[in-house]
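Residues per chain are reported as follows:
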Amino acid sequence: LCDRRTHRSILTFPGPALRTSARYCSIVGSSLSCTHHRSSASATSVANMESVQSYMEKVREHTEDPDHLRANEALASLVEGEASPTDTAKIITTAYASSLRSDRSAPKGDRWYHSKFHEFWGRIFSDFVRHHSSGEAQERLINLLVEISRQPDLRWEDGSVATTDAGQVYWRDLPGWEFHFTDEGLRESSPDFLRVSPLTAASQTSPPLVYSRRLFLQTV
Amino acid sequence: VKYLAQLPFLLNATRFAATLLQRGEFASAFPTEASFILHMALEHSYDEHSNYLAQVDDDEWEALLPLVAAWLTIAGEAIYSHCVSDDESDGWGTWEVQRWEEWKKQLEKFAKRDDFNEECRGIAAQTLGKMIEIEAGHRG
Numbered sequence: 013l014c015d016r017r018t019h020r021s022i023l024t025f026p027g028p029a030l031r032t033s034a035r036y037c038s039i040v041g042s043s044l045s046c047t048h049h050r051s052s053a054s055a056t057s058v059a060n061m062e063s064v065q066s067y068m069e070k071v072r073e074h075t076e077d078p079d080h081l082r083a084n085e086a087l088a089s090l091v092e093g094e095a096s097p098t099d100t101a102k103i104i105t106t107a108y109a110s111s112l113r114s115d116r117s118a119p120k121g122d123r124w125y126h127s128k129f130h131e132f133w134g135r136i137f138s139d140f141v142r143h144h145s146s147g148e149a150q151e152r153l154i155n156l157l158v159e160i161s162r163q164p165d166l167r168w169e170d171g172s173v174a175t176t177d178a179g180q181v182y183w184r185d186l187p188g189w190e191f192h193f194t195d196e197g198l199r200e201s202s203p204d205f206l207r208v209s210p211l212t213a214a215s216q217t218s219p220p221l222v223y224s225r226r227l228f229l230q231t232v
Numbered sequence: 189v190k191y192l193a194q195l196p197f198l199l200n201a202t203r204f205a206a207t208l209l210q211r212g213e214f215a216s217a218f219p220t221e222a223s224f225i226l227h228m229a230l231e232h233s234y235d236e237h238s239n240y241l242a243q244v245d246d247d248e249w250e251a252l253l254p255l256v257a258a259w260l261t262i263a264g265e266a267i268y269s270h271c272v273s274d275d276e277s278d279g280w281g282t283w284e285v286q287r288w289e290e291w292k293k294q295l296e297k298f299a300k301r302d303d304f305n306e307e308c309r310g311i312a313a314q315t316l317g318k319m320i321e322i323e324a325g326h327r328g
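So the protein lines, in turn, are chains D and E.
Take the first sequence: its letter number 49 is residue 61 in my numbering, and every next letter is one higher.
Take the second sequence: its letter number 124 is residue 312 in my numbering, and every next letter is one higher.
These are calculated hints, taken from the structure and not from any lab test.
Hints may be right or wrong, so weigh each one.
From chain D, some residues computed to sit far from chain E (all C-beta separations above 12 Å) [claimed, not checked]: (1) Arg82; (2) Glu92; (3) Leu153.
Calculated pairs, SDA-like style, for lysine to any residue (alpha carbon to alpha carbon, straight line, at most 25 Å) [stated by the list, open to error]: (4) D/Lys102 with D/Arg199; (5) E/Lys293 with E/Pro219; (6) D/Lys102 with E/Glu213; (7) E/Lys292 with E/Ser269; (8) E/Lys293 with E/Glu306; (9) D/Lys128 with E/Glu213; (10) D/Lys102 with E/Arg211; (11) E/Lys297 with E/Val285; (12) D/Lys102 with D/Asp165; (13) D/Lys102 with E/Glu306; (14) D/Lys102 with E/Lys292; (15) E/Lys297 with E/His227; (16) D/Lys128 with E/Phe214; (17) D/Lys102 with D/Leu186; (18) E/Lys297 with E/Ile322; (19) D/Lys128 with E/Ser269; (20) D/Lys120 with D/Leu166; (21) D/Lys128 with E/Ser216; (22) D/Lys120 with E/Ala217.
Just so it is clear, CB atoms sit at the ideal spot from N, CA and C, and this is done for glycine as well.
Produce the complete structure using the sequences and hints provided.
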């Protein structure tokens with residue numbers, strides 16, 4: 013793990029006069045209408061710490077699950093600009109459809125929380141968001157959300173529309189997205205003093221998702 | 189200080205969430221998240237010893253202020269328009285113009301605090317500038 017000093021070296025800018033402004037621009041990224049610091053900001057893509065390939069190798073070391081691997085590879089192609097959000101959405105929804113159908117027979121309660129598609133949001137999608145700071149990559153990931161929500165409704169084996177116990181429809185309501193992104197994308201990477209949000213308190217009865225944290229710590 | 193190493197990742201996730209919040213897409217959980225960070229960073233009284241945030245050190249400000257900047261700059265327009273509207277039926281709950289004003293006051297103080305490093309002061313000043321810009325845009 014890098015210490016404070018190392019971290020500072022990532023965020024340090026060449027000229028002291030530019031430092032604060034460029035830092036600010038790197039925080040707010042492309043959403044800020046700031047042209048004069050754009051080059052400094054893009055030069056400090058703070059969290060693009062490793063290539064997608066080596067990231068993928070780490071993922072492979074940590075999971076043997078073929079559905080997750082397929083989703084990982086699809087996301088890697090998407091953020092690299094090699095695949096469209098539409099195609100990626102098709103691959104991902106296809107990858108998780110059969111596991112969702114079999115999860116339907118699990119006891120009611122938290123069966124969807126533990127389903128692989130819901131894990132995808134917390135473990136895979138969130139990790140891609142956290143590791144990509146460029147506006148382009150983030151835009152592709154946003155477009156992927158839109159495209160997943162536009163996929164034709166998933167059907168159970170009896171032909172009825174697939175929903176969670178709370179009635180969220182696969183795929184158009186993106187079941188699990190907000191909960192898992194909030195919990196694992198935002199909360200899990202927060203410093204301890206920021207971990208006491210109402211949402212976390214509500215989810216404390218759920219088992220911890222160790223995978224994401226382990227992967228995260230290894231990549232820092 | 190371990191969490192500063194995680195800050196770039198948290199910041200990326202926050203920027204992503206703030207972008208969705210600004211667009212109003214797949215973002216129903218994010219008003220709560222933004223509200224939480226803004227509350228932790230900007231709504232405490234720092235003079236009271238009873239508040240543990242009175243003891244925050246530089247490192248914690250270095251983590252908090254970039255998150256505040258990301259929420260208020262990227263999603264600032266959405267946040268402001270909810271603060272000035274009286275509609276509480278849209279899931280945004282306690283967003284009020286008094287809160288917005290309080291954030292501005294705190295950021296103004298932070299921009300002048302000697303015990304903050306230059307980077308933190310700069311982020312506070314620029315976030316404040318953006319908020320004033322948003323207000324002007326809303327009026328005009």
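Verification of the supplied hints:
The beta carbon of D/Arg82 is kept farther than 12 Å from every beta carbon of chain E, the shortest such distance being approximately 23 Å. Residue-level check passed: D/Glu92 sits 17 Å from the nearest beta carbon of chain E, beyond 12 Å. The claim that D/Leu153 is not at the interface with chain E is violated, since a C-beta of that chain comes within 12 Å of its own (minimum 7 Å). At most 25 Å may separate the alpha-carbon atoms for a hinted pair to count; D/Lys102 and D/Arg199 exceed this at roughly 29 Å.
A distance of roughly 21 Å separates the Cα atoms of E/Lys293 and E/Pro219; the hinted pair therefore holds under the 25 Å criterion. About 20 Å separates the Cα atoms of D/Lys102 and E/Glu213, which keeps this hinted pair within 25 Å; it holds. The hinted pair formed by E/Lys292 and E/Ser269 meets the criterion: a straight-line CA distance of about 15 Å does not exceed 25 Å. The suggested pairing of E/Lys293 with E/Glu306 holds, with an alpha-carbon distance near 19 Å, which does not exceed 25 Å.
The straight-line distance between the Cα atoms of D/Lys128 and E/Glu213 is roughly 23 Å, inside the 25 Å bound, and the hint therefore holds. About 24 Å separates the Cα atoms of D/Lys102 and E/Arg211, which keeps this hinted pair within 25 Å; it holds. Proximity of E/Lys297 to E/Val285 is assessed by CA-CA distance (about 19 Å); at most 25 Å being required, the pair is judged to hold. A C-alpha spacing of about 12 Å is found between D/Lys102 and D/Asp165, which places the hinted pair at or below 25 Å, so the restraint holds.
A hinted pair counts as satisfied when its Cα atoms are at most 25 Å apart, and D/Lys102 with E/Glu306 does not qualify at roughly 47 Å. Among the hinted pairs, D/Lys102 with E/Lys292 is inconsistent with the structure: their alpha-carbon atoms are about 45 Å apart, more than 25 Å. The hinted pair formed by E/Lys297 and E/His227 meets the criterion: a straight-line CA distance of about 16 Å does not exceed 25 Å. In summary, the hint linking D/Lys128 to E/Phe214 is supported, as the alpha carbons are separated by about 20 Å, within the 25 Å threshold.
As the CA atoms of D/Lys102 and D/Leu186 are separated by approximately 14 Å, the hinted pair is consistent with the 25 Å bound. Among the hinted pairs, E/Lys297 with E/Ile322 is consistent with the structure: their alpha-carbon atoms are about 20 Å apart, no more than 25 Å. With a C-alpha separation of about 37 Å, the suggested pairing of D/Lys128 with E/Ser269 is violated against the 25 Å cut-off. Restraint check: the Cα-Cα separation between D/Lys120 and D/Leu166 comes to about 19 Å, which is no more than 25 Å; the hinted pair holds.
Taken as a hint, the D/Lys128 and E/Ser216 pair is honoured in the structure, with Cα atoms around 22 Å apart against an allowance of 25 Å. Straight-line distance between C-alpha atoms of D/Lys120 and E/Ala217 comes to about 24 Å, which keeps the hinted pair within the 25 Å bound.
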